[in-house]
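Based on the sequences and whatever the hints tell you, model everything.
Chains B and X, in that order, give the protein sequences. Each residue of the first sequence is one higher than the last, beginning at 1 in this note's numbering. Each residue of the second sequence is one higher than the last, beginning at 1 in this note's numbering.
A couple of the hints might just be wrong.
27 Å max Cα-Cα, derived DSS-like pairs, lysine-lysine [claimed, not checked]:
id : chain 1 : residue 1 : chain 2 : residue 2
1  : B       : Lys-186   : B       : Lys-430
2  : B       : Lys-420   : B       : Lys-430
3  : X       : Lys-193   : B       : Lys-152
4  : X       : Lys-165   : B       : Lys-193
5  : B       : Lys-23    : B       : Lys-118
6  : X       : Lys-396   : X       : Lys-430
7  : X       : Lys-7     : X       : Lys-419
8  : B       : Lys-7     : B       : Lys-420
9  : B       : Lys-165   : X       : Lys-193
10 : B       : Lys-193   : X       : Lys-152
11 : X       : Lys-23    : X       : Lys-420
12 : X       : Lys-419   : X       : Lys-430
Now the in silico label distances, taken between C-beta atoms and shown as ranges [what the hints assert, rightly or not]:
id : chain 1 : residue 1 : chain 2 : residue 2 : range
13 : X       : Glu-70    : B       : Asn-45    : 31 to 39 Å
14 : X       : Arg-389   : B       : Asp-295   : 51 to 59 Å
15 : B       : Ala-77    : X       : Thr-399   : 34 to 42 Å
These aren't lab readings, by the way, just hints derived from the structure by calculation. Where is the CB? At the ideal position from N, CA and C, for every residue including glycine.
2 protein chains.
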Amino acid sequence: MSRSIDKTNDFSLRSWVESANQKDTDFPIQNLPFGVFRDRGTTQNSRIGVAIGDQILDLTSCYHAGLLQEFPEQLQAACTASNLNPLMALGSWASSALRTCLSELLRWNRHKPSSEAKLLVPIMEAELLLPADIGDYTDFYASIFHATNLGKLFRPNNPLLPNYKYLPIAYHGRASSIVLSGTPIKRPQGQRKVPEDSVPSFGPSQLLDYEVEVGFLIGAGNELGQPIPIDTAESHVFGLCLVNDWSARDIQTWEYQPLGPFLAKSFATTISPWVVTLEALAPFRCPAFSRSQGDPLPLPYLYSSTNTRQGGIDLTVEVLLHSAQMREQGIEPFCISHASFRQMYWTMAQMIAHHTSNGCNLQPGDLVASGTVSGAEEGSQGSLLEITRRGSQPIKLATGEMRIFLADADEVIIRGYCKKENYARVGFGKCQGIVLSAE
Amino acid sequence: MSRSIDKTNDFSLRSWVESANQKDTDFPIQNLPFGVFRDRGTTQNSRIGVAIGDQILDLTSCYHAGLLQEFPEQLQAACTASNLNPLMALGSWASSALRTCLSELLRWNRHKPSSEAKLLVPIMEAELLLPADIGDYTDFYASIFHATNLGKLFRPNNPLLPNYKYLPIAYHGRASSIVLSGTPIKRPQGQRKVPEDSVPSFGPSQLLDYEVEVGFLIGAGNELGQPIPIDTAESHVFGLCLVNDWSARDIQTWEYQPLGPFLAKSFATTISPWVVTLEALAPFRCPAFSRSQGDPLPLPYLYSSTNTRQGGIDLTVEVLLHSAQMREQGIEPFCISHASFRQMYWTMAQMIAHHTSNGCNLQPGDLVASGTVSGAEEGSQGSLLEITRRGSQPIKLATGEMRIFLADADEVIIRGYCKKENYARVGFGKCQGIVLSAE
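The following block contains the structure:
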């Protein structure tokens with residue numbers, strides 16, 4: 001799975017883009033995540049690029065500078081498209097070949113292009129856009145800790161349902177309301193009913209929450225009726241991003257029986273702009289979550305020895321909260337949780353194999369999210385519902401403010417990164433949103 | 001709501017397309033449903049048209065013959081697009097103006113175009129295609145009879161959940177696997193567990209079912225964060241079609257807790273090709289379903305007097321089954337149920353108002369389906385699960401074959417039509433699919 005042969009993960013690599021060589025950057029030359037942007041303040045067509053330090057390598061400019069001539073025409077065309085879908089559709093060979101070429105191009109003292117070629121756009125001067133036209137969005141529920149935490153709150157005697165350890169539970173999400181990091185989130189209105197009320201009422205959600213998740217964007221799809229076997233599942237993943245699955249808990253509690261969450265989630269889902277490839281994550285692969293003794297083995301269509309050995313990713317996600325008062329008083333965002341994606345009960349490959357096991361077709365640009373990433377330890381719960389035990393244990397902020405759920409003007413910032421000795425840090429940037437009042 | 005002023009619903013209207021004047025046609029001049037097609041056996045670009053008798057009026061040809069010159073450029077462009085999305089996006093004024101013009105054009109002895117203009121393509125010589133690029137698909141659960149029938153099977157003491165009469169329950173469906181009528185449906189595989197088994201197994205679904213539904217395709221959308229009020233909700237409906245929400249009951253039973261149906265439905269959803277506009281349905285509007293005494297009034301955002309007065313549609317849907325043996329023996333398809341859409345507990349306008357009440361954005365071409373149309377009477381249940389009481393009361397076919405769920409090679413045909421004395425029949429054509437073996 002690791003592509004040591006292409007040397008794109010070599011720890012000693014440096015770039016002629018100086019900001020990419022700083023120790024704490026999310027985007028060293030070893031990362032090279034793909035994204036979509038245009039010059040800020042314009043309405044020009046969007047174009048695709050790769051983040052490097054605090055810059056974007058503009059692939060349209062690379063094309064015009066003749067730097068992509070080695071590639072087949074379809075790949076060159078994909079590099080000048082207005083979103084990542086055409087590149088995604090070509091499959092993993094294309095993004096892999098492109099990434100190797102761009103890594104060469106950006107290396108210190110190797111291929112630094114002539115000063116005439118303006119290949120870089122500062123991230124600060126760019127407007128980032130959704131990386132893909134997302135046709136369908138699927139949300140899994142792959143953390144057994146999250147499922148158990150929620151189950152304990154709602155069904156103390158029976159927290160984990162009998163199907164959980166046999167199949168990766170998921171539901172279809174709403175694709176139209178997926179927004180990019182930075183988009184303000186209007187508090188949704190909806191029907192909710194507290195047990196004390198005899199009838200429901202309509203109004204702004206009182207229990208607005210976030211859920212930190214990891215998303216994967218699909219590259220090459222599969223034909224309807226043709227399941228993807230677990231052993232080739234990862235070749236259908238273009239790359240990963242961060243997801244905030246905003247959730248209105250009061251709406252959810254009232255509406256979700258018997259068909260699952262609907263309006264509690266469909267008002268907005270935020271994703272981070274940069275799509276980190278599996279190649280960049282290769283050094284951080286790890287075994288799949290180790291099932292407890294007594295847990296069933298996955299059924300054959302969800303089992304592969306490769307997946308067991310290295311189906312996991314040691315990716316840390318953390319959530320920071322920044323209230324209006326904190327911003328006014330110059331107080332830094334407060335980290336309220338961090339967890340590792342390696343603790344998910346089900347792996348990416350298992351989710352894809354299961355998703356397509358009935359013949360369902362995935363398409364380039366589809367978003368598949370992992371579900372809330374919660375770990376076993378205190379401080380690793382990926383939602384306020386879990387952290388505050390459904391509101392019974394409020395969080396105290398540095399300003400003295402208390403939180404059980406999100407207040408208007410609260411900002412939620414999700415960060416993700418992989419770190420390991422002797423490897424460059426591979427970061428995801430951030431997935432951020434601020435809560436606006438319902439009106 | 002009725003547009004008698006444009007006379008497109010005048011019962012006495014006849015067309016110079018003779019087949020449109022036959023009494024039993026689905027597509028008289030009063031209907032004029034929109035669809036997408038290309039010449040059969042070619043790979044040419046698709047184009048949009050209107051069904052008239054056994055013909056398609058080709059809007060691209062109308063454009064080239066100069067028959068659409070009265071319209072603004074954007075509407076002319078929408079008429080030559082490769083699917084209905086651009087026309088849908090323009091909003092109801094556009095399809096309304098276009099329909100009036102086409103009705104004039106097709107009227108007997110009025111505007112019959114010169115013989116040089118080849119405006120018609122026989123439906124038999126066309127390959128029909130999905131009418132729109134469907135971004136999101138939402139499936140409601142709006143029949144209280146269906147909800148009660150299912151509830152009785154699964155929760156005999158508590159068939160209807162407490163939220164049912166307060167909000168139109170729905171879940172997000174899978175858009176990528178929506179296929180056009182005529183597409184064969186491969187029996188899905190999946191995990192299922194019967195109570196007698198201690199662990200689940202993986203294999204072909206043994207309990208494959210259909211669900212007859214009415215779908216509405218969205219015209220003009222709404223901005224994220226901007227709910228659509230119930231009084232203007234219908235102006236966002238481009239038109240209606242028939243839907244078969246194929247369902248694998250064994251997969252569904254095992255997977256659906258706690259997040260709702262997923263793989264039990266996502267292997268395929270079939271829709272009919274012709275989109276019938278609300279204008280064509282105007283003569284068949286009727287009061288919303290009359291709630292039982294003691295039922296709560298809808299909350300204000302789901303209530304409007306116009307909706308109460310004429311939010312319903314007296315649209316009959318019927319399901320026919322045709323087994324391989326029946327086809328071999330020359331036996332006609334067997335009608336196993338028929339029901340009226342007027343019996344739905346929630347109306348289209350209520351579904352749209354609810355769907356967007358949290359700010360969720362609908363987009364042109366989105367599919368919103370009603371959920372299974374089941375009525376109060378025996379013989380009006382819209383799924384085999386209901387008809388056979390979960391398999392306990394098999395259906396006997398004319399061949400002597402018994403059915404509790406669908407067998408391989410069974411063909412399911414859904415038809416829909418509006419009929420009323422002194423009005424032309426407005427039909428939906430058919431929504432058909434044949435079951436293929438899992439492999």
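Hints versus structure:
1. B:Lys-186 <-> B:Lys-430: holds (19 Å)
2. B:Lys-420 <-> B:Lys-430: At roughly 20 Å apart (the allowed maximum being 27 Å), Lys-430 (chain B) and Lys-420 (chain B) satisfy the hint.
3. X:Lys-193 <-> B:Lys-152: holds (25 Å)
4. X:Lys-165 <-> B:Lys-193: Given pair Lys-165 (chain X), Lys-193 (chain B) holds - Cα atoms ~13 Å apart, limit 27 Å.
5. B:Lys-23 <-> B:Lys-118: Roughly 25 Å separates the two Cα atoms, so the pair holds.
6. X:Lys-396 <-> X:Lys-430: holds (24 Å)
7. X:Lys-7 <-> X:Lys-419: Distance ~18 Å between Lys-7 (chain X) and Lys-419 (chain X) Cα, so the pair holds.
8. B:Lys-7 <-> B:Lys-420: With Cα atoms ~17 Å apart, Lys-7 (chain B) and Lys-420 (chain B) stay inside 27 Å; holds.
9. B:Lys-165 <-> X:Lys-193: holds (13 Å)
10. B:Lys-193 <-> X:Lys-152: The given pair, whose Cα atoms are some 25 Å apart, holds under the 27 Å limit.
11. X:Lys-23 <-> X:Lys-420: Roughly 12 Å separates the two Cα atoms, so the pair holds.
12. X:Lys-419 <-> X:Lys-430: holds (16 Å)
13. X:Glu-70 <-> B:Asn-45: 31 to 39 Å: holds (33 Å)
14. X:Arg-389 <-> B:Asp-295: 51 to 59 Å: Because 37 Å falls outside the window, the suggested range is violated.
15. B:Ala-77 <-> X:Thr-399: 34 to 42 Å: violated (55 Å)
Violation of the numbered hints given earlier is confined to hints 14, 15; the remaining hints are satisfied by the structure.
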